[in-house]
Every structure is written in structure tokens, then in C-alpha cells.
Amino acid sequence: MEKNKAISLLLKDPRTRYVIIGVLVATIPFLATAGLLRSAVVILIGSILIYSVAGLGINILLGYSGLISLGTAGFMGFAAYIAAYLTMNLGFPFEITLLISIAVPVLLGLFVGLVSFRIEGIYLAIATLSVGEVLRRSFEELVGFTNSFAGMRVNYPTLFGVWSLDRNGTFVLIAVALTLAMILTHNIVHSRPGRALHAMRGSTVAAQAMGVNILRYRLFAFAVSTGLVALAGVLYVHFVRFTHPDIWGWGLSLNILALVIIGGLRSIYGTLLGAFVVFGIPSLILVRLPIIGDIPGVSFVFNGIVIVIVVLLYPRGIVSIFTDIGKLIKKTGRA
Amino acid sequence: MSSQMNALLREKEILKVSNLSISFGGLKAVDDISFLVHEKEIFGLIGPNGAGKTSVFNCITQFYRPDGGEILFRTNRGEVVDLVGKKVHDIISLGLVRTFQNVEVIRELSLLDNLLLGAHTEYKSSVISQILRLPNAKRDEREMAARAEEILEVLGILNLRDVPAGGQSYGVLKKVELARTLMTKPRIIILDEPAAGLDDGETLQFAETIKQIRDRYNLAILLVEHDMRLVMGICDRVCAINFGRYLACDIPAEIQKNKHVQEAYLGEEESDVD
Ligand SMILES: Nc1ncnc2c1ncn2[C@@H]1O[C@H](COP(=O)(O)OP(=O)(O)OP(=O)(O)O)[C@@H](O)[C@H]1O
Ligand SMILES: [Mg+2]
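Line order of the protein sequences matches chains E and G.
All letters in the first sequence, in the order written, are residues 214 to 548 by my numbering.
All letters in the second sequence, in the order written, are residues 325 to 598 by my numbering.
Quick caveat, the hints were computed from the structure, so don't treat them as lab data.
Any given hint could turn out to be false.
[Said to hold, decoys possible] Which residues of chain G face chain E? A partial, calculated answer using Cβ under 8 Å:
no.	residue
1	E428
2	I430
3	E432
4	L436
5	G442
[Claimed, not checked] If the Cβ cut is set under 10 Å, some of the chain G residues that face chain E in the computed set are:
no.	residue
6	T399
7	N400
8	R401
9	V408
10	L433
11	Q454
12	I455
13	R463
14	E467
15	M468
16	R471
17	E474
18	M507
As the structure is a computational prediction, the values presented were derived from the model and not from experiment.
From the three backbone atoms N, C-alpha and C, an ideal C-beta is built for every residue, glycine too.
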């Protein structure tokens, strides 16, 4: 009896559900090894999960705090290049690389947050866009550090100096990181700091009157968001094993922003869903279709159309389709 | 220094506004206003539209930096401070909380969460332990939730505890905003038109609630209100202003008889006609 109760309590905890999702996701690459999935699909899904981690960061910034950033790709690339340089050129262990590649972009993110204090909306969008583009340009120019257009090759990570991961192992690492990112996001938004972010977006004056230090929480939002985006950058470079300046243009920033809006602002599941729609559907389905698949830039067109449809029909994102269905089932169940 | 300041407020005095002024461009929105609020008093600030009432509140809570004047306040630690120059977000922890003329609740948050926001400065745990949900953070959260539930109960909206604030009626939102001010156990709350937008029945009920809150939580209430029945019904003393200038400060019955006050309101009615 007692045991059953404990188990049902555990299942009710959203964090348990994130762990279950993480475990399920982690099995995907082994389906490919068993011959059930194509290898290319595994790589695609892996990168979708990585973009989800970055999406969670942007959701904290845009969804909860009401702050926009169009420099996401620049920050993600920054972390990727630091990780590539430290492991390949300096031979740093993965764990230390991970720490530094997150800490340095976070410091830059804090700096951007500090100088952009009092800048809102479209002006903040332009300011962050420029930071992102400056970063991308430096990936082209700082040849000694980035190898410029020749790109940089990176290996799968080696954990604790002895445990060399293969593709599947790295995929599991991504699943673990995503699970932790979901739990972190959940814990933040459902506690005191999350309410402060909510208030900062919903009513700055109310937030201030209730004692929320706006500058401090703005920096908090920028730091957490940049931290998750940087984590995504490190995972990317170690999973795709390559980085090149062209990957980190503003197109990627727009796609990550799009996945958050399409999936659902202020929704963790929505972020995953949005990542699958934005990065999955074009490559998995659209390009296979006759005629449509041959249109250049079909995925951008697709995302544009999906955004318009979602904003018109489901302003709370496609995740709201599922919550609506859930409510409907509950209602008919009761009747 | 603070002992010197302590001498500036007599016993039972909690808030003393002296010679407060602020102007916007050439407009003197608040022009040399002074008044004094006692502990556990319900004090009304009245005046026609644009008289400068909200500006006075914004000066007290430091949303506006006054051009001149002094705002002495006895904090919940008993010391007397001048509020002028303090940071906006530091005011609440001194023991003074406000509401806004246009209700400022967070629509996406539940009623309970809106109240917990009001307890932002009451948590003893660090942000890190709150994110990691360590035992001390959980204890804080339980304590604040219990406090919030008690207040929701007093205001009769405990049944709406978990519903989002957005979509609730105006009457409920006004109560949520009032409830939120009580979370830090303040010494004074200042309410900007708490009954605006309520119908007659709701206004009467609200008047009762305000008195009940003063008695139960032992605090002073400074309020701006247009509904004269409400003001005359519940205020211990009233201060009237017009065009940013002081008219009179007295008990409600005397204020009603005051020539200057009558003229100010008559002037408003006349200008309403044309
Ligand atoms: N931030 C501001 N910038 C410019 N003018 C302002 C500002 N705040 C207030 N004012 C002006 O100061 C005057 C007093 O405004 P205030 O809002 O204090 O009046 P009020 O007594 O609260 O009026 P109401 O009963 O309509 O709420 C008005 O003329 C208003 O336009
Ligand atoms: Mg006003």
C-alpha cells in the first residue's frame, strides 16, 4: 500500500516524466544499431534534441521573462568553438572544456544583459542580432582560433579521461543533458525566481513594488538562457564533430526563436514539440516529397507558413492542441 | 543618524509627507503637499481627476523622484527613514506596499502565485536552494503558501486559489491585488482607487473588507478614492488636494463642509458639462 502510494506520487512529479522522456529518447540510436532506423535519422534527431536545449534557454528568456534575443546562434557557436579549440588544440579534458565553454559565453551574455538594461522589444532584438553577427564574423576572421572557412573537426567526447564515447554514447549524453535542462527549467519557473521573471514580463511596476530587483532578474534570465544555449553549442560540436562559421548565422537564431513560438511559449513540452516541427519535418518529410522537395529553401518557407498558422489558430503554440484534447477527454470522461 | 530621525516622528505617527513637490515639464503635478498618517488609521487622499493623487503615491513609493520634500516613514523595525532616494524595490521590505490604479496582477500566474510574488522579499533561502528545492527553500515555500491561503480565505477567494488571474472578474482582481500587499505583513498599505470599476454592492462589500483588514492586520491604510460614500464611510481622516495643491485635511464630516473642497468638486462638475 505505502509503496504504491509512493510510486504514484513519484509518477505525478513532472520531473519523473522528464526522466522517462529522457530514457525513451536515449534508446533511439540503438534502434538504428538494430537496423530499425537509418543512421541519418539518428543524427537528425540528436541535433533536434540539442536545439531543444537551446530552445529551453530562449523560452526562459522570451516566454517567461519577455526578453527577446536574436543572437542565439552566435552564442551557441561561441561555445562550440571554445569547446573545439580546448579539446582539439589544447587537449583539455571534456569536463573542464564543458565548464569553460559554458562560463565564457555566460559572462558575455551577462555583459550584453548589463549594457542592454532598459532596452526593450525591437531595440533589444536589433542589439542582440548585432552581437550574434559580430560573433559569427569573428568565427570567420579569427583564423588561429577557429580555422575560419576550413572549419574544425572535433571528436566524440571522452568522459573522465578514459571513457571514449561513440555516436550512441554521445546521443545518450545529449538525452541526459536535455533531461537535466528540462528539470532545471521546470524548477526555475515553478519557484520564487520564476515568479519574479513572470512578474517582470507581466507587469514591471508590480514586480518592482513587490521587491523584485529588475536588473538582477534580467541578468539572471540572460545568464540561464545563455548557459543552456552554450550547453547546446558544446553538445552540437561534439555530436556533429564539425563546426564552420556558416552554421552560426542569424537563420539559426530565427529557427530557434520560431521553434519556441511554434511549440509554445512558457511550455517545456512545447519546446521539444516545436524543435521537432521546425527542424524535423522539413528534413524528414518535406524534402522527400516530389516537386515540393526540390524547392530551394523549402524549410524556411515551411516554418514561415507554420508560424502564421500557429499564431492565428494556436497563439499558445501547438502544445495547446494537446492540452485542449486532454481537457476534452477529461470533460467527456466526467459526463 | 537614525536616532536623530526618530525624533522627527512622534509616537503613533507612521508616515509624514512634508512639502512634497514634483513637476513634469512646466506642470506642477504635486505642489508643496504635506500630510501625516497615524498608525492603524484609514486615511483618504481625495481630489478631482488630475489633482495629483497618483503622483503623490508614486513619489512615496519612489516610482517618481520628487523634486523636493521629505517622506518620513517608521519602518517595521521601528526606525524612522526618509523614503526619498530609496530604490523602488527596497520600499516593500521597509513595510510599505502599494496597489495600482490599473490593477497590476500577473495574468498567467494563479491567484496563489500572485500572492507568493507578494512575498518575494520574505524568503530566507537563497535562489540556488530555491532552484534545487533544498529543504530550507521548501520550508519557505510552505510557510508562504500557508500565509497566502489565510489571506485568500479572509478575502473570500480561497476557492480560486489555483486558477490563473487572467480572466477573473474585476472585483476578484482588485481583491488579489489587495491580498498581495498583505503578504509581507506591512505597517501601511497604500491603495490607488481600490473600488474603481466595482458596482454599488461590491463597493459596499469592499469598504467592509478594508476595515476588516485594518483591524485584523493592525496596519494603516492610505487610499485614493473617487467614490465619496466609500471615503466618507470608512476614512478616519481625509486630505483633499486640487491641481497638485493642498486644500484641507480633516475628519470626513468637516471635509464635506469645507468651502475649498466643495468648490474644487463643483469646478470639476462644471467642466464635465462642457
Ligand atoms: N509620468 C508623467 N509624465 C507626465 N505627466 C504626468 C506624469 N504623471 C502624472 N502626470 C500629470 O500630472 C497630473 C496629475 O496626475 P495624477 O495621475 O497624479 O492625477 P490623479 O489625481 O491620480 O488623477 P486621477 O483621478 O485621474 O487618477 C496630470 O496632469 C498628469 O497628466
Ligand atoms: Mg490617479
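Status of each hint after checking the structure:
1. E428: With Cβ-Cβ at 4 Å, under 8 Å, it holds.
2. I430: Hint on I430(G): holds, closest Cβ of chain E at ~4 Å, below 8 Å.
3. E432: At about 6 Å, which falls below the 8 Å cut-off, the nearest Cβ of chain E leaves the hint on E432(G) intact, so it holds.
4. L436: violated, 10 Å
5. G442: OK, holds: G442(G) within 8 Å of chain E, min 5 Å.
6. T399: The hint is violated - T399(G) has no Cβ within 10 Å of chain E, the shortest such distance being about 14 Å.
7. N400: N400(G) check fails; min Cβ-Cβ to chain E is 13 Å, beyond 10 Å.
8. R401: Violated: closest Cβ of chain E sits about 16 Å from R401(G), beyond 10 Å.
9. V408: Violated. Min distance 17 Å.
10. L433: holds, 6 Å
11. Q454: holds, 5 Å
12. I455: holds, 5 Å
13. R463: violated, 13 Å
14. E467: E467(G) check fails; min Cβ-Cβ to chain E is 12 Å, beyond 10 Å.
15. M468: At 9 Å from the nearest chain E Cβ, M468(G) passes the 10 Å test, so the hint holds.
16. R471: The hint is violated - R471(G) has no Cβ within 10 Å of chain E, the shortest such distance being about 14 Å.
17. E474: Because about 18 Å separates E474(G) from the closest Cβ in chain E, which is outside the 10 Å limit, the hint is violated.
18. M507: holds, 8 Å
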